[in-house]
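J.: Keeping their order, the protein sequence lines are chains B and R. So in this note's numbering, the last spot in the first sequence is 715, and the numbers never skip. So in this note's numbering, the last spot in the second sequence is 1727, and the numbers never skip.
Think of the hints as simulated: they come from the structure by calculation, not from any bench. Careful: at least some of the hints might be erroneous.
Calculated lysine-lysine pairs in the DSBU-like style (CA-CA distance at most 30 Å, straight line) [as the list claims (entries may be wrong)]:
| no. | chain 1 | residue 1 | chain 2 | residue 2 |
| --- | --- | --- | --- | --- |
| 1 | B | 635 | B | 561 |
| 2 | B | 508 | R | 1537 |
| 3 | B | 561 | B | 327 |
| 4 | B | 270 | B | 330 |
| 5 | B | 508 | B | 327 |
| 6 | B | 495 | R | 1723 |
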Amino acid sequence: MAVAFDEMNIPGGDLRPAYQELARWLKETPPEALEYRRQEAELLFRRIGITFAVYGDSESTERLIPFDVIPRIMSGKEWSLLEKGLKQRVKALNMFLRDIYHGRDILRAEIVPDDLIFQNPVFRPEMNGQQVPHDVYVHIAGIDIVRVDAEDFIVLEDNARTPSGVSYMLENREIMMRLFPDLFARHRVAPVERYPDELLAALRSVAPLSASSEPTVALLTPGVYNSAYYEHSFLADKLGIELVEGRDLIVKNNEVFMRTTEGLKRVDVIYRRVDDDFLDPLTFRPDSVLGVPGLMSAYAAGNITLANAVGTGIADDKAIYSYMPDIVKFYLGEEPILKNVPTWRCREPKDLAYVLDNLSELVVKEVHGSGGYGMLIGPAATKATIEAFREKLKREPEGFIAQPTLALSTCPTCTASGLAPRHVDLRPFVLTGSKRTTVVPGGLTRVALKEGSLVVNSSQGGGTKDTWILDE
Amino acid sequence: MLSRTAENLYWLARYVERAEYLARTIDATLRVTALPAAYIGKTNEWDSALLTAGVAASFYQKYEEANEHNVVDYLSFSVDNPSSIRNCIEAARLNSRSVRTALTSEMWDTINSAWIELQEVWSKGTSTREDLAKFLRFVQETSLRFDGSAYRTMLRNDAYWFSRLGLHLERADNTARILDVKYHVLLPEEEHVGGPLDFYQWSSILRSVSALTAYHWVYRETLKPWLVADLLILNGTLPRSLASCYDNLVRNLDQIGVAYGRQGPAQRHARGIRNRLEHSNMNDIFQHGVHEFIQEFITDNSRLGEIITKQYLI
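I would like the entire structure built from these sequences, with the hints used as guidance.
T.: In structure tokens form, the structure reads like this:
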């Protein structure tokens, strides 16, 4: 694999401009001082209780995501390009969803094959012809971005269902400002703290017509045992809205109410962090106790807005991903600003043959998987693992896609043996309301803490960094 | 506010209060049992500790004998005892987590830190008296910090009032339970009045509700059983007396009623109990029977809990 693009150091010894001040500061700061603040940061995280749960890990049901105190820095110029690309991408996602559940022009134009939609388990026939307020499906999107050079931003994955991680963007900044006021004083870092306000404004802007002029918004969580529960409570708190569970809600005459100490109170917009499958036991999984019976009929009656809408999974599905450049062109008539990773669709015999021949060099992902589970990283896998995967792939080729192993960009990171480059990705959050789309300058930078590792997922030992966009 | 949020706040306060009460009970029992046998008499103090905690039956399913080691373990650290101190803190943290939005950061920090300390320092229980003393102090300090941060940082709205309801209801229950178990040593007509045995029993009761110093301030007298009963039942200036708990319950329920523009059975029931306490004096109570009085109170008090739940929390 080629040497990865480093975001701080230019080969030959020069520094990229955005990092010059940081490098100076690092030179002046003794390693012990850095280590001391690193420990301080960990203590703060634990005290605040910012934890996440790891599924299938009974030993420690609550863990901290390791936090790296060295910020990841991007220039304002780089950001404005990225921002433009993100808005373009999310606009296309929304138009695609609107089309899939209504006219289906894109299928007729044969840009995307029918069966990829209709045989896809995340396609929701319940949404056919259903009007959603202002045609917004994806109110909150988390687009995973990687870099391999100084020019391009590449989308690794679109998250259009219930993307998480924004609490880390906000808390990381909070803690960095507390621990490194001196470092902030030497930079002009664009603030991220208006995210909750922007989110609330976006949610209120898409309230249904039958809502009052002061719509009530609530955040629906699966409950304290969910891995992202901390984030749910954190956001509800910052937005000043109720954090509800399914059992707090009741549907009467196709309206949704929450049970309060003063009786029932109508809810107009639900920022739901519960997956489609669990939303309404009457429509989806009958065994779900997380949902609200009748919610889908209230939704169909237009009395409640769900954010994100039901059925958005069809837009961020890994099988659809490879069509995104065409989707952008089809709806917007523009060249996509953000690149896609070249992707082999194993459902196509020609691609499958190539993938099977080159398994040891490719990354193979389950079309419906997430969180870094169930994927094969060819260059890092043993022969036996590759052979086992080959069998799986042959049995069910349509369940997989393959991509080249990208040399993700690296950033300086604290390690046991001092600062060293580690691979990173970035998840910015894109908010879409009735009138505008906004991206708060920043996002969640995830870092693979193990040397050489390319897996940044928190469930697989990744950490996070504060992401600085310089205001120039 | 959400009914579930109110319910969580209410129980959160109850758990913290209960943990503190258990710690005080153990502390007081340790003091009494440290005395030479002649001072204690034949009663097994560890047995009464179990009784005042209301867990005697489940204890004997697990242990043969109520001695210091077993009872301290069961009341403090046992996973099997649903109201052990450990489980109270555990439950308080779980409740806090599900209502984080309704807690101030100071309250959350108190509970979360206590929970972390419980895991990191006390997960194996205590092996020495010194350790145990430290543990009991930790529990009491947690409760004080929690209560203090609630008092100092919470908005005075329904979230605060529901949390206070839990606190005072639990506190009234605890005080009443001590009286229920120990009422016999408070009876004035008992023949061994004034013996050294009783003195230590009375002071132990007072200690378990942190009222020993208060007694002297209020009565400026040596310990007298009927005054001990008077202090714990009727004296409105002692925060842990039944009268005081009910002043608070009535006030907090009124505040909820005013804010919601509606009174209900909870308000009426609480007022009824408060009026009964207000119009009682120790003479009548002794004549009526202390034991009966206390038992009626315990029933009435848990009835209030049920009414509050039905009216607001579900």
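J.: Decide, hint by hint, whether the structure agrees.
T.: Here is how each hint holds up against the structure:
Using a Cα cut-off of 30 Å, the hinted pair residue 635/B and residue 561/B holds, with the two alpha carbons roughly 17 Å apart. For the hint pairing residue 508/B with residue 1537/R, the CA-to-CA distance comes to about 47 Å; that exceeds 30 Å, so the pair is violated. Restraint check for residue 561/B and residue 327/B: the C-alpha separation of about 23 Å stays at or below 30 Å, so the hint holds. Restraint check for residue 270/B and residue 330/B: the C-alpha separation of about 38 Å exceeds 30 Å, so the hint is violated.
A distance of roughly 40 Å separates the Cα atoms of residue 508/B and residue 327/B; the hinted pair therefore is violated under the 30 Å criterion. Only pairs whose Cα atoms come within 30 Å are accepted, and residue 495/B paired with residue 1723/R is accepted, the gap being roughly 21 Å.
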